[in-house]
Amino acid sequence: MKILVCISNVPDTTAKISFVEDNKVYNKNNVQFIISPYEELALTRALELKEAASGTITVLTVGLQDAEPTMRKALAMGADDAIRVNTEAKDAMFVAKQIAEVAKNKNYDIIFTGKESIDYNGSQVGEMVAELLDIPSITSVSGIDVEGTTGKIQREIDGGYEQIECEFPFVGSGQKGIAPEPRIPAMRGIMMARKKPLNIVEPVEFTDLTQVITHTLPEAKSACTMIEPDNVGELVRLLHEEAKAI
Amino acid sequence: MSVLVYTENWDGKFKKATYEIVSYANEIAKQLGCDLIALSIGKVSDEELKSLENYGASKVLNANDDKYNTIISQVYTKIIADAVNATNASVVVFANTYTGRSIAPRVSVKLNAGLVSGCIALPTSTQPFVVNKKAYSGKAFADVQVNSDIKILTLNQNSYKIVENKKDAAIEAFTTEIPDNYFKVKSIEISKASDKITVNDAEILVSGGRGLKASEHFGMLDEIASILGPTATTACSRPITDLDWRPHSEHVGQTGKVVAPNLYFAIGISGAIQHLAGINSSKIIVAINTDKDAPIFEAADYGIIGDAFEVLPSLIEELTKLKNS
Ligand SMILES: Cc1cc2nc3c(=O)[nH]c(=O)nc-3n(C[C@H](O)[C@H](O)[C@H](O)COP(=O)(O)OP(=O)(O)OC[C@H]3O[C@@H](n4cnc5c(N)ncnc54)[C@H](O)[C@@H]3O)c2cc1C
Ligand SMILES: Nc1ncnc2c1ncn2[C@@H]1O[C@H](COP(=O)(O)O)[C@@H](O)[C@H]1O
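Top line first, the protein sequences correspond to chains A and B. Position in the first sequence (first residue = 1) + 122 = the numbering used here. Position in the second sequence (first residue = 1) + 138 = the numbering used here.
For the record, the hints were derived by calculation from the structure and aren't laboratory data. Note that beta-carbon positions come from the ideal geometry of N, C-alpha and C, so glycine has one too. Mixed in with the good hints, there may be bad ones.
[To be verified] Per label pair, the in silico range of CB-to-CB distance:
hint	chain 1	residue 1	chain 2	residue 2	range
1	B	Val301	A	Ala174	29 to 39 Å
2	A	Ile335	B	Lys421	24 to 34 Å
3	A	Pro302	B	Lys421	26 to 36 Å
4	B	Pro451	A	Lys150	46 to 56 Å
5	A	Ile322	B	Asp184	55 to 65 Å
6	B	Ala352	A	Asp352	20 to 30 Å
7	B	Ile328	A	Ala174	18 to 28 Å
8	B	Lys181	A	Asp352	48 to 58 Å
9	B	Thr458	A	Ala175	53 to 63 Å
10	A	Ala308	B	Lys299	50 to 60 Å
11	A	Lys150	B	Lys421	27 to 37 Å
12	A	Phe328	B	Gly171	29 to 39 Å
13	A	Ile322	B	Gln265	34 to 44 Å
[To be verified] Simulated coverage check for chain A against chain B, where a stretch passes if three residues somewhere in it have a Cβ under 8 Å from a Cβ of chain B:
hint	stretch
14	241-250
15	358-368
Only chain A is shown next, with the shape it has when bound in the complex (with noise of 0.2 Å):
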């Protein structure tokens, strides 16, 4: 089994948000990056299912080197080989083309990436991955098993969960629940990792369809109203009078 897992790399969780260049660039000094939340889970579930089977797993980030510490993250998971696109990520469709530049001729049996990056929040790239390689695509995989060359696949829909099943090959865009907890690198997997094949490939030419013209931060919330314990009638009034909200 090929896998490969498309990783971001983002400000971590509790990262603080600012802007430089009127707004335009994310603040990046001083802030943490990680691997996005749901390819790392992901990648766990990936890891397991190749260690259930045989086979690679590859991970790859469209992005400039400062991702490399992250990428050596995913490597002292388990993963095998990583590819760096050598370019900015610009917007989703520009990542999309890139990755999908690297798969055509790769023949992954699966590709993974998260539900969202925790920064740009698209949901975007991995269906434009499966399109541009006219290929199907799985979105919220909350739950994913391999028999053979099919996949058994829960995924998240409106309201509820279905369980469905898509021949190889096919994108799938994980989830919470498609692994429990993300997998925490051993000792053993950091050592490992440094010597493991990190590729560079440079980017093909793509003229972004959108662009960020700014950012705006949410405004200051007014103080809040503390009512007294004893007085919850007063705050059922003041949620009916003034807010309206009941």
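Got chain A sorted already, so can you dock chain B with the ligands onto it with the hints?
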């Protein structure tokens, strides 16, 4: 030129999210001075299809075939892209639901059209085309400019008000060829999480955290939600679903559902940054917590520093009084 809206259905019915995107797409059609056309895929009654005219649709395309019963993104993408070409649409609108997210990116590739997902407001300008979306898991917003001829948008739920705008829409059958090899995804079984309204659809969420101490105490939240009516349901913080006290579908936050209800009760929830990322678009947040320094109070509009086990019984009593008055 036209605006095309893909009107997703759930077991043959449209719901609030559908009418929100039709209202939204209609306003964009007005901005551009063109007609709004709705496209429905799957089995939906004529009466239900006709209801779309109340929110501005001037034509409804109906792609109805038993083959479309399972939502296969490749198949739906082909239908929608063909409809875009047939109607000469310059803007295509989806709901930012599981289904919308599975199809919109593929349509975007097929049509070489820029996609902005998670929009929360109307375009601020159509020339150039600029629209605002959520980013950084709700901790920031981004203004995104789309440079392609066709623009695709997915709209977050609960971010645009339903507006009536009566038209007279004809319903037309829409057919197109789908390659056989697109039907590779086989549906085996669908299980509904429950009959309750989903956390994304709900207008009121009664949410509990580790402060509630045990799964049986969540019964109080169920009771509050049921007093508040059918648009209310329960939710929770991540540890609660990790502990299996509540179903995973109720987990709210950065790694769970991102919600935007009118009213969010955070009961025994500390307000960790990953939790707040999922709820900070709520219109009103109420916090009930024993710890006066809990970060949830910084995000809340109304707060009670107190023990949930004392506050909730009075809350149940007071809400019942209000509902009976
Ligand atoms: C990568 C990552 C992703 C994460 N994603 C999410 C996510 O999506 N959603 C999420 O929720 N969390 C997420 N977390 C976890 C998050 O950091 C917090 O650990 C979690 O939100 C805490 O849940 P809690 O508020 O229920 O529990 P706690 O933090 O333990 O808070 C319990 C609160 O209850 C109060 N309390 C105690 N007793 C009572 C009482 N009798 N009455 C009233 N109040 C009482 C306490 O004062 C306390 O404030 C994530 C963490 C990481 C690292
Ligand atoms: N720069 C990138 N390099 C590799 N994979 C990426 C990149 N950006 C996004 N992805 C993958 O695509 C998924 C969806 O990302 P997005 O469309 O940005 O929400 C992520 O969870 C990743 O798996």
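Each hint, compared with the structure:
no., hint, result
1, B:Val301 - A:Ala174: 29 to 39 Å, "violated (53 Å)"
2, A:Ile335 - B:Lys421: 24 to 34 Å, "holds (27 Å)"
3, A:Pro302 - B:Lys421: 26 to 36 Å, "holds (34 Å)"
4, B:Pro451 - A:Lys150: 46 to 56 Å, "holds (49 Å)"
5, A:Ile322 - B:Asp184: 55 to 65 Å, "holds (57 Å)"
6, B:Ala352 - A:Asp352: 20 to 30 Å, "holds (24 Å)"
7, B:Ile328 - A:Ala174: 18 to 28 Å, "holds (27 Å)"
8, B:Lys181 - A:Asp352: 48 to 58 Å, "holds (55 Å)"
9, B:Thr458 - A:Ala175: 53 to 63 Å, "holds (57 Å)"
10, A:Ala308 - B:Lys299: 50 to 60 Å, "holds (52 Å)"
11, A:Lys150 - B:Lys421: 27 to 37 Å, "holds (32 Å)"
12, A:Phe328 - B:Gly171: 29 to 39 Å, "holds (32 Å)"
13, A:Ile322 - B:Gln265: 34 to 44 Å, "holds (40 Å)"
14, 241-250, "holds (count 10)"
15, 358-368, "holds (count 7)"
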